[in-house]
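J.: Build out the structure end to end from the sequences listed, making use of the hints.
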Amino acid sequence: MVFLEFEKPLESLYEQLEKITQVGQEGDLDVDPMVKELETKIRKKRKEIYDSLTGWQKVQLSRHPERPYTLYYISQICDKFIELHGDRRYSDDKAIVGGLAKISGTKAIVIGHQKGVNTKMRQFRNFGMANPEGYRKALRLMRIAEKFGLPVVCLIDTPGAYPGIEAEERGQAEAIARNLFEMAQLRTQIVCYVIGEGASGGAIGLGLGDAVYMFENTWYSVISPESCSSILWRSWDYKEQAAEALKLTSDHMLEFGLIDGIVKEPLGGAHTDPEAMAATLKKHLKQTISKLKKIEIEELIDMRIKKFRNMGKFQETSDQEME
Amino acid sequence: MEEESTVQSKGWFKRLKEGIQTATKHKKEVPDGVWFKCDSCKETSTVKEIKENFYICPKCGYHSRIGSHDYFDIIFDASFNLLFEHLKSYDFLAFTDLKGYGDRLQNAYEKNEVSEAITVAEGKCHSRRLVVAAMDFSFIGGSMGSVVGEKIALAIEHCTNHKIPLLIISKSGGARMMESAFSLMQLAKTSALLTKLAQAKIPYLSLLSDPTTGGVTASFAMLGDLNFAEPQALIGFAGPRVIKETIKKDLPEGFQTSEFLLEHGFLDFIVARDQLKDRLADLLYFL
Ligand SMILES: [Zn+2]
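Chains as they are written, first to last, in my numbering: chain F, 1 to 323; chain Y, 1001 to 1287.
In case anyone wonders, no lab produced these hints; they're calculated from the structure.
Everything numeric in this text was worked out from a predicted model, so none of it was measured.
Heads up, some of the hints might be wrong.
What the hints assert, rightly or not - Residues on chain F that point at chain Y, a partial pick, calculated with CB under 7 angstroms: (1) Arg143; (2) Pro163; (3) Glu169; (4) Ala177; (5) Phe181; (6) Gly201; (7) Ile223; (8) Leu246; (9) Gln315.
Using N, Cα and C, we set each Cβ at its ideal position, and we do this for glycine too.
T.: Quick look at the structure:
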């Protein structure tokens, strides 16, 4: 188990639990009451910690090394999944995966950012930072979904679109802009979930959906707290403050009306019970898709555009006051 | 984001108060004898020289950053009307870094004649009706917040309803961080609305000027029926500093310039500022 800094009080409790369990296995001492007591303690402590998470702590949770990624969810929720590769223009981006999915009776195209599960795979997946061909592959799969009447499910989990020389040469900005333009008019249902990190253009490039949800311990922002700190505070040391200022957590995002809902995570985060998390996702997305399927496609697209059209906060003054 | 434009255009504000603007190629308010130093070659010319040359350095051809009203003066035949000036940004997140967003805005109002990082105007370009939405880098780095997104949305709707071609002149450091996810959503908002303009078959021209980066590039700036740029402009998704820090290598010469984007297939052409008006008229003839 990996414990984040703010989870340290749990670590010692878990250590005690492990020791006692071992004692119980070795001798004939009845440790059950002590085990029960410790488990209660752990539950209480966990609740205490998780009821008052700061923005930055949620950012850390969203990046927890044991947190499930797109392909894990796909493996858990799909009876059948056929991965489809390549953008047909340049290459196959490993940071965005997608394919044909059967989710107990529901056919769909599932697309998502993919991070690596170990050092080698993290490199292979480019840390979930896609190049333009990742976004173009995603769009190609969405076109297939549109053509064959399949809903699109996007799982968002990226620290950002990759900032590299070749990404710029191949039009990172154009790829994201094109996805936004095409997703707005895509003639099928689009459901998006932020399952981890929702950083900036790299996230919104898969994020223009009829329904957009965030997992409880995730974040969605125009910039990561670290980069925000480095630009606005001119130092990397203010990431906690930046995370607070950006109000990037799921509860804020729902309050702002920028997302449609929050998907509860198991106490302690998705990684503490990945199977339960996957089951929650499966149920949630099946319900969402069946709700959206009841809406006429023209109306759905209209509602989709209107929803994003209405995002923004400003004051309206009379012209005379302008000075 | 904090960088200020080198050229300040004074004087149009008085005309604004009368409701209608008249084009003035040569602004009388800046004394013509003052020297102007080119940001690129550091050579000096007189303000009179540079103004008559569309703020293009007569020595090296560098296009100095100019404001929205300079573009209106360049593009429109005579008078033009400002649109959607009633929208104002405010600090709805109570966002505070080293400064509060409210103070940043106040500062921007004091330093600028424009009321936001984008100004929209309608007029005629060689007798053809045209709506121009032009960004001001001097206003919080030309950053896109809710008001920029809303003004573009209203401009798109205005153009759709009245069948008027739209030109957006981008000049931006990206999204406005102080509006957090609201600024990010402006990418989706502007891009989604552009599909309506496209469905109505109304021309949308995108002019990218120095600099155009971040969320603006990753939305409306790259979505023109035609995308074109001023020479030597910095255009990209990620800023050069971020890329350099990520890859830990020096960037190649000419990286992320207009010429680089043209070479890689993302621009239709590059147009010098003194040719802009005629080029727009030529394009509108076909579209
Ligand atoms: Zn020069």
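J.: Work down the list of hints and note, for each, if the structure agrees.
T.: Here's how the hints hold up against the structure:
A hinted interface residue such as Arg143 of chain F counts as satisfied when its beta carbon comes closer than 7 angstroms to some beta carbon of chain Y; here the least separation is about 15 angstroms, so the hint is violated. Proximity of Pro163 of chain F to chain Y holds as hinted, the smallest CB-CB distance being about 3 angstroms (cut-off 7 angstroms). Restraint check, Glu169 of chain F versus chain Y: the minimum CB separation of about 5 angstroms is within 7 angstroms; hint holds. Residue-level restraint check for Ala177 of chain F holds (minimum Cβ-Cβ distance to chain Y is 4 angstroms; threshold 7 angstroms).
For Phe181 of chain F, the interface hint holds, the least distance from its beta-carbon to any beta-carbon of chain Y being 5 angstroms, beneath 7 angstroms. Interface restraint check: Gly201 of chain F against chain Y, minimum CB-CB distance 4 angstroms, threshold 7 angstroms, status holds. Taking 7 angstroms as the C-beta cut-off, the interface hint given for Ile223 of chain F holds, the closest approach to chain Y being about 6 angstroms. Among the interface hints, the one on Leu246 of chain F holds; its C-beta lies about 4 angstroms from the nearest C-beta in chain Y, closer than the 7 angstroms criterion.
Of the supplied interface hints, the one on Gln315 of chain F holds, with its beta-carbon coming within about 4 angstroms of a beta-carbon of chain Y, less than 7 angstroms.
Of the numbered hints stated above, the single one contradicted by the structure is hint 1.
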